[in-house]
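Put together the whole structure using the sequences plus the hints.
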Amino acid sequence: MTLLAPGTRVRVRDDWPEARGEAHIRTPHYLRGREGVVARHLGDFPNPEDLAFARPAAILPLYHVRFDPSAIWPPPRSAGVLLVEIFGHWLEAR
Amino acid sequence: MTTPRETQALLETPAEALFAALLAVLAAKGMVSEAELAARMAETDAAAPAQGARMVARAWTDPAYRALMIADGTQAAEALGIPMRGAPPLGVLENRPGRHHLVVCTLCSCYPRAVLGYPPFWFKSAAYRARAVRDPAGLIAEWGTVLAPGTEIVVVDSTADYRWMVLPQRPPGTAGWDEAALASLVREGDMIGVTVPGMGAKAG
Chain A
1 MTLLAPGTRV RVRDDWPEAR GEAHIRTPHY LRGREGVVAR HLGDFPNPED LAFARPAAIL
61 PLYHVRFDPS AIWPPPRSAG VLLVEIFGHW LEAR
Chain B
1 MTTPRETQAL LETPAEALFA ALLAVLAAKG MVSEAELAAR MAETDAAAPA QGARMVARAW
61 TDPAYRALMI ADGTQAAEAL GIPMRGAPPL GVLENRPGRH HLVVCTLCSC YPRAVLGYPP
121 FWFKSAAYRA RAVRDPAGLI AEWGTVLAPG TEIVVVDSTA DYRWMVLPQR PPGTAGWDEA
181 ALASLVREGD MIGVTVPGMG AKAG
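Line by line, the protein sequences give chains A and B.
When the count follows the numbering used here, it moves up by one through the first sequence with no breaks and lands on 94 for the last residue.
When the count follows the numbering used here, it moves up by one through the second sequence with no breaks and lands on 204 for the last residue.
Mixed in with the good hints, there may be bad ones.
Restraint-style ranges between C-beta atoms, simulated for each label pair [to be verified]:
#1 B:MET31 to A:THR8: 18 to 26 Å
#2 B:SER109 to A:ALA54: 16 to 24 Å
#3 A:PRO75 to B:ALA42: 17 to 25 Å
#4 B:GLU179 to A:ASP50: 42 to 50 Å
#5 A:PRO75 to B:LEU26: 53 to 61 Å
#6 B:ALA126 to A:PRO75: 21 to 29 Å
#7 A:TRP73 to B:GLU94: 25 to 33 Å
#8 B:LEU80 to A:ALA58: 31 to 39 Å
#9 B:GLU179 to A:TRP16: 43 to 51 Å
#10 B:ALA21 to A:HIS89: 35 to 43 Å
#11 A:GLU35 to B:LEU26: 46 to 54 Å
#12 B:SER109 to A:PRO56: 23 to 31 Å
Anything over 12 Å on all C-beta distances counts as not near chain A; from chain B, calculated [what the hints assert, rightly or not]:
#13 MET84
#14 ARG96
#15 ARG113
#16 GLN169
#17 TRP177
Don't read these hints as lab results, they were simulated from the structure.
Ideal Cβ positions, reconstructed from N, Cα and C, are used throughout, including at glycine.
Below, the structure written as structure tokens:
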């Protein structure tokens with residue numbers, strides 16, 4: 001599997017598996033459909049979406065992804081950076 | 001298959017009796033020993049903010065340790081004798097002039113328990129989880145924390161397999177302090193990022 005390099009612009013999939021049935025999702029709601037930048041590859045971990053239901057879980061890359069909060073929430077808000085762990089299968093390279 | 005009567009009896013069994021029965025079965029199958037259990041309970045009891053504070057104080061006094069801590073928090077914890085077996089990998093977020101980190105778990109309450117113990121009650125509150133990502137500067141200010149003007153706040157939403165602790169900046173006026181005195185300055189909130197060490201500190 002090709003890893004996303006630091007600096008790669010990505011979009012978090014605008015997907016809502018919890019609306020289709022039982023699901024355990026580690027991708028926060030407020031980031032679905034949002035764009036960010038890969039900070040670094042943190043490691044590879046079993047997919048929590050399967051682990052939670054005791055299903056065989058694929059080992060997936062986990063990234064630290066940087067987001068601009070001002071693109072997510074309206075003012076007044078604080079300047080700064082959001083850094084969030086997102087699994088690779090939730091990210092689309094832009 | 002248990003009958004409803006048996007299920008009811010099970011539900012009414014005191015927790016200690018259930019635990020003793022489960023432990024006896026696991027021991028009989030060779031899956032766990034009393035000694036292993038006692039060791040694990042001792043590890044859990046020892047996990048407290050004082051462990052993280054020891055790491056911070058060492059990082060403030062030993063550049064090589066600081067580099068290790070930032071590169072691999074798990075190894076750095078183990079280097080000070082903190083048991084990390086079975087714990088998720090520990091990431092360390094280095095505060096420096098112009099950059100401050102704040103840790104939150106918006107999904108639940110992921111927390112670096114091996115080095116900080118159980119999370120404080122507010123860490124799990126919906127209010128903290130919502131506001132930390134949306135208004136971190138306002139939240140930090142409510143704690144009475146004053147950051148230097150122009151400091152960028154990096155909010156780390158701990159959503160998956162890592163656990164994160166903040167390595168705060170060493171407060172001014174602590175030159176020559178030994179590690180134990182420095183560690184006594186470091187509180188739980190300093191390693192989450194809602195506060196910084198030395199707020200209202202007494203001379204050591």
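Cβ distance range 17 to 25 Å for A:PRO75 and B:ALA42, holds or violated: violated (50 Å)
Cβ separation of B:ALA21 and A:HIS89, checked against the hinted range 35 to 43 Å: holds (42 Å)
Satisfaction of the hinted span 23 to 31 Å by the C-beta atoms belonging to B:SER109 and A:PRO56: holds (27 Å)
Minimum Cβ-Cβ distance from B:GLN169 to chain A exceeds 12 Å: Holds: least Cβ distance 17 Å, greater than 12 Å.
Cβ separation of A:GLU35 and B:LEU26, checked against the hinted range 46 to 54 Å: holds (49 Å)
B:GLU179 paired with A:ASP50, Cβ distance criterion 42 to 50 Å: holds (44 Å)
B:GLU179 versus A:TRP16 beta-carbon gap, inside 43 to 51 Å or not: holds (50 Å)
Distance restraint evaluation - B:ALA126, A:PRO75, Cβ atoms, bounds 21 to 29 Å: Since the Cβ atoms of B:ALA126 and A:PRO75 sit about 23 Å apart, the hinted range of 21 to 29 Å holds.
Cβ distance range 16 to 24 Å for B:SER109 and A:ALA54, holds or violated: Taking Cβ atoms as reference, B:SER109 and A:ALA54 lie about 22 Å apart, which means the hint holds.
Non-interface claim for B:ARG113 versus chain A (Cβ beyond 12 Å): The claim holds: B:ARG113 sits with its nearest Cβ about 17 Å from chain A, beyond 12 Å.
25 to 33 Å as the expected CB spacing between B:GLU94 and A:TRP73, which holds or is violated: holds (26 Å)
Range hint 31 to 39 Å (beta carbons of B:LEU80 and A:ALA58) holds or violated: With Cβ atoms ~35 Å apart, the hint holds.
Of the numbered hints given earlier, the model fails hints 1, 3; all others are met.
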